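**Q** The chain contents come next:
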Amino acid sequence: MRVVIAGGRSRTDFLAESLVRRGNEVVVINGDRTWCEHMSSRHGVPVVCGDATKRYVFDDADVEGFDLVIALSDSDADNLVICQMAQRYFDIDRQVCTVSDPRNVVVFKKLGISSVISATYTVARLIEEASFGVMGNGTHVPA
Amino acid sequence: MFHCVFATLPDFKTIFTSRFLYSSHHRVGIVWQSWKGDIMALVKVKRALVVGCGEFGLAAADSLSAAGFSVIVVDTDPAAFAGLSARFGGESVVSDGADVSVLEECDVAKSSLLVACTERDSVNYFIARVASEIYGVERVFARIEDEDLIGMLEDSPIEPICPHALCLDEFCRLSRIA
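Read top to bottom, the protein sequences are chains A and B. For the first sequence, the working numbering gives the first residue as 1, with consecutive numbering after it. For the second sequence, the working numbering gives the first residue as 1, with consecutive numbering after it.
Simulated from the structure, these hints should not be mistaken for laboratory data. From a predicted model like this one, the values you see are computed outputs, not experimental measurements. Mixed in with the good hints there might be a few duds.
[Stated by the list, open to error] Chain A residues, not near chain B, derived (Cβ > 10 Å throughout):
hint: 1; residue: S10
hint: 2; residue: H38
hint: 3; residue: H43
[Stated by the list, open to error] Covered stretches of chain A (chain B as the covering partner; in silico rule of three or more C-beta atoms under 8 Å from a C-beta of chain B):
hint: 4; segment: 16-23
hint: 5; segment: 102-112
[Claimed, not checked] Here are the simulated lysine-lysine pairs, BS3-like style, with alpha carbons at most 27 Å apart:
hint: 6; chain 1: B; residue 1: K46; chain 2: B; residue 2: K110
hint: 7; chain 1: B; residue 1: K46; chain 2: A; residue 2: K54
hint: 8; chain 1: A; residue 1: K109; chain 2: A; residue 2: K54
hint: 9; chain 1: B; residue 1: K110; chain 2: A; residue 2: K110
Positions of the beta carbon are idealized from the N, C-alpha and C atoms, including for glycine.
Chain A extracted, bound-state conformation (with noise of 0.2 Å):
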């Protein structure tokens, strides 16, 4: 698969070593230069150093008709706007993105996103059943 990576720091690190070691094609795309020039020399994958909501910077990363697109900025507007360009202007079907908010969940997949993650979700339903052993949709409040 081809995948185009926007955003996010440690994630990303830990997402694109996991995805080239599979054999996708990655590339990335940040903000942060010295982050940029690290991620370059450890995974030797293409990135792009800019503000993945502009246009200009994924012409310049070159994803057209990748297969999918993972946004994890920490803003989670920024990653609508990823999702919804990339989608767009580039004929990427596919998004995943990460939202702070936990509501976002819902908002965002009514707004056409494919897979919408919240890690304060997530994790509070792992928890729920690691303390209660609570298996199910994480609305469950114990009494």
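Chain A is fixed; fit chain B onto it per the hints.
**A** Chain B alone, transformed into the frame defined by chain A:
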């Protein structure tokens, strides 16, 4: 300020007077007695939400308030509201308008107009999409500089406002270069 116009039925005169009150920047309420003797009331106050209270947000909030809208302005910085005019009759909320729960607390679903004019394009884009597509706000305006982002709103009822394009138009008009 609130005015009531009384009449036995909402006849021409009532409608004319209410129009007059509306145009003179007051909220409009028409109260009348039905033929059965019940008191009937028609209060039509349109709600507007302005997210982001910079120079433009302040001016937009003032204009909407003066035009008879019930206005809520939202900004993270309480100092931002100091620029509202003395005649502004709306509410100000210190909070992050990019937070969906804040928009809900501001009754976004009941608003008929929303202006997204924070400092960030992506935040305005996000708020506009949410207001228009999830809460069904009828008229949504988003202040966006990035023309590629504006292009993404082509199929949507959201109305983008591009400050630098407006400046350029004005520059060309004043300088007569185009």
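**Q** Take a quick look at whether K46(B) and K54(A) sit within 27 Å of each other, Cα to Cα.
**A** Violated, at about 36 Å.
**Q** Quick check for students: does the CB of H38(A) sit more than 10 Å from each CB in chain B?
**A** Holds, since 25 Å exceeds 10 Å.
**Q** Are 3 or more residues of the segment 16-23 of chain A near chain B, judged by a Cβ distance of less than 8 Å?
**A** This one is violated; 0 residues, fewer than the three required, reach chain B with a Cβ under 8 Å.
**Q** Run the distance test for K110(B) versus K110(A): straight-line Cα separation, threshold 27 Å.
**A** 19 Å, holds
**Q** Quick one, are K46(B) and K110(B) close enough, alpha carbons at most 27 Å?
**A** 9 Å, holds
**Q** With d taken as the least Cβ-Cβ distance between S10(A) and chain B, does d exceed 10 Å?
**A** Its Cβ never comes within 10 Å of chain B, the nearest being 23 Å, so this holds.
**Q** Check whether the Cα positions of K109(A) and K54(A) lie no farther apart than 27 Å.
**A** Since the Cα atoms of K109(A) and K54(A) sit roughly 22 Å apart, the hinted pair holds (cutoff 27 Å).
**Q** Three residues minimum, CB to CB under 8 Å: does the segment 102-112 of chain A make the cut for coverage by chain B? Let me know.
**A** holds (count 5)
**Q** Report holds if the minimum CB distance from H43(A) to chain B is greater than 10 Å, and violated otherwise.
**A** 27 Å, holds
Figure legend: structure checked against the earlier numbered hints; hints not met, in rising order: 4, 7.
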